[in-house]
Amino acid sequence: MYEQLLSTMDGSSEGDKDLAGELALAKRLFAKVTVVTATEPWTEAVPLNLTRLADPPRPC
Amino acid sequence: MFKNILIATDGSELSGKAVAAGFDLARQLRAQVTVVTVTEPWTALVAGDAAFGFPIDDYEKAADDSAARILSGTSKLARKADIACATLHVKEQYPSEAILDIADKKACDLIVIASHGRRGLERLLLGSVAVKVLTHSRVPVLICR
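Just so you know, the sequences run in chain order H and F. Its first residue numbered 1, the first sequence is counted upward by one per residue in this note's numbering. Its first residue numbered 1, the second sequence is counted upward by one per residue in this note's numbering.
In short, the hints are calculated from the structure, not lab data. Take these hints with a grain of salt, some might be off.
[Unchecked claim] Taking lysine-lysine pairs in the DSSO-like style, the calculated list, with each CA pair at most 27 Å apart, reads:
(1) H/Lys32 <-> H/Lys17
(2) F/Lys76 <-> H/Lys32
(3) H/Lys17 <-> F/Lys80
(4) F/Lys91 <-> F/Lys76
(5) F/Lys17 <-> F/Lys80
(6) H/Lys17 <-> H/Lys27
(7) H/Lys17 <-> F/Lys106
(8) F/Lys3 <-> F/Lys105
(9) H/Lys27 <-> F/Lys61
(10) F/Lys91 <-> F/Lys105
(11) F/Lys76 <-> F/Lys17
(12) F/Lys3 <-> F/Lys61
(13) F/Lys76 <-> F/Lys106
(14) F/Lys91 <-> F/Lys61
(15) F/Lys105 <-> F/Lys17
(16) F/Lys132 <-> F/Lys80
(17) F/Lys106 <-> F/Lys132
(18) F/Lys76 <-> F/Lys105
(19) F/Lys3 <-> F/Lys106
(20) F/Lys3 <-> F/Lys17
(21) H/Lys27 <-> F/Lys91
(22) F/Lys91 <-> F/Lys106
(23) H/Lys17 <-> F/Lys105
(24) H/Lys17 <-> F/Lys132
(25) F/Lys3 <-> H/Lys32
(26) F/Lys132 <-> F/Lys17
(27) F/Lys80 <-> H/Lys27
With the sequences and hints as input, model every part of the structure.
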């Protein structure tokens, strides 16, 4: 059966609730749990006009 | 924890994996199981001139026979594994809708289903029952591959 569970979290209250369920499931299955949270790439998280501010100066 | 598991199967080899995974989980969690197989409406499969070559009576008989074979196999497995298992054949309904409907009516707290892993045009044309179930389900879904 399942021995390694991967649990994902984004810091939301729904995520916390899910984690509690996943831990309970892991306990019943005697499985190990890895909890992961991911950060999106900076370029996708920052709107285009803001990323321009961070562009390196171009030669004239 | 999960006490009432719904396993969806179409009798395929991959679905067999979902049945096995669902039964394993049910045994460990001491949960009861409902196994469902769904027959699509005849009109969804046969259109136009092809309908003359595949009359509705023949289709219904073939669907009944196929469902009976699938469900008797899973019942046998459940008895062997000592799992409380009910079986259901839903007729004339689209699979994803039927699975969600049964999960709701039977108050299931987990749906176990296989994904055939279709890609590209095949996926676009045939869709994915598993993805539709996952998208619209109100309870957790275990997709087996």
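Status of the hints after comparison with the structure:
Between H/Lys32 and H/Lys17 the alpha-carbon distance is near 18 Å, which keeps this suggested pair within the 27 Å criterion. The straight-line distance between the Cα atoms of F/Lys76 and H/Lys32 is roughly 32 Å, outside the 27 Å bound, and the hint therefore fails. Distance hint between H/Lys17 and F/Lys80 is unfulfilled; the C-alpha atoms sit about 35 Å from each other, more than 27 Å. For the given pair, F/Lys91 sits about 22 Å from F/Lys76 by alpha-carbon distance, which is consistent with the 27 Å threshold.
Using a Cα cut-off of 27 Å, the hinted pair F/Lys17 and F/Lys80 holds, with the two alpha carbons roughly 16 Å apart. For the proposed pair H/Lys17 and H/Lys27, the alpha carbon gap of about 16 Å is at most 27 Å, so the pair holds. About 24 Å separates the Cα atoms of H/Lys17 and F/Lys106, which keeps this hinted pair within 27 Å; it holds. Restraint check for F/Lys3 and F/Lys105: the C-alpha separation of about 15 Å stays at or below 27 Å, so the hint holds.
With a C-alpha separation of about 46 Å, the suggested pair H/Lys27 and F/Lys61 falls outside the 27 Å cut-off, and the hint is violated. At most 27 Å may separate the alpha-carbon atoms for a hinted pair to count; F/Lys91 and F/Lys105 meet this at roughly 16 Å. Between the alpha carbons of F/Lys76 and F/Lys17 the distance comes to roughly 15 Å, so the proposed pair stays at or under 27 Å and holds. For the suggested pair F/Lys3 and F/Lys61, the alpha carbons sit about 34 Å apart, so the restraint of at most 27 Å is broken.
A hinted pair counts as satisfied when its Cα atoms are at most 27 Å apart, and F/Lys76 with F/Lys106 qualifies at roughly 22 Å. Taking the CA atoms of F/Lys91 and F/Lys61, the gap is about 11 Å. The hint holds against a cut of 27 Å. Between F/Lys105 and F/Lys17 the alpha-carbon distance is near 25 Å, which keeps this suggested pair within the 27 Å criterion. Straight-line distance between C-alpha atoms of F/Lys132 and F/Lys80 comes to about 32 Å, which puts the hinted pair past the 27 Å bound.
Distance check on the hinted pair: F/Lys106 and F/Lys132 sit about 19 Å apart at the alpha-carbon level, within 27 Å; holds. Restraint check: the Cα-Cα separation between F/Lys76 and F/Lys105 comes to about 25 Å, which is no more than 27 Å; the hinted pair holds. Between the alpha carbons of F/Lys3 and F/Lys106 the distance comes to roughly 12 Å, so the proposed pair stays at or under 27 Å and holds. Between F/Lys3 and F/Lys17, the direct Cα distance comes to roughly 20 Å. Compliance with the 27 Å bound is thereby established for this hinted pair.
This hinted pair does not check out: H/Lys27 and F/Lys91 have alpha carbons roughly 38 Å apart, beyond 27 Å. Pair hint F/Lys91 plus F/Lys106 holds up; C-alpha atoms about 17 Å apart against a cutoff of 27 Å. The hinted pair formed by H/Lys17 and F/Lys105 meets the criterion: a straight-line CA distance of about 24 Å does not exceed 27 Å. Restraint check: the Cα-Cα separation between H/Lys17 and F/Lys132 comes to about 24 Å, which is no more than 27 Å; the hinted pair holds.
Using a Cα cut-off of 27 Å, the hinted pair F/Lys3 and H/Lys32 holds, with the two alpha carbons roughly 21 Å apart. A threshold of 27 Å between alpha carbons decides the hint, and for F/Lys132 with F/Lys17 the separation of about 19 Å falls inside it, so the pair holds. Of the pairs offered as hints, the one joining F/Lys80 and H/Lys27 holds, with about 26 Å between alpha carbons and a cut-off of 27 Å not exceeded.
Hints 2, 3, 9, 12, 16 and 21 from the earlier list are contradicted by this structure; the remaining hints agree with it.
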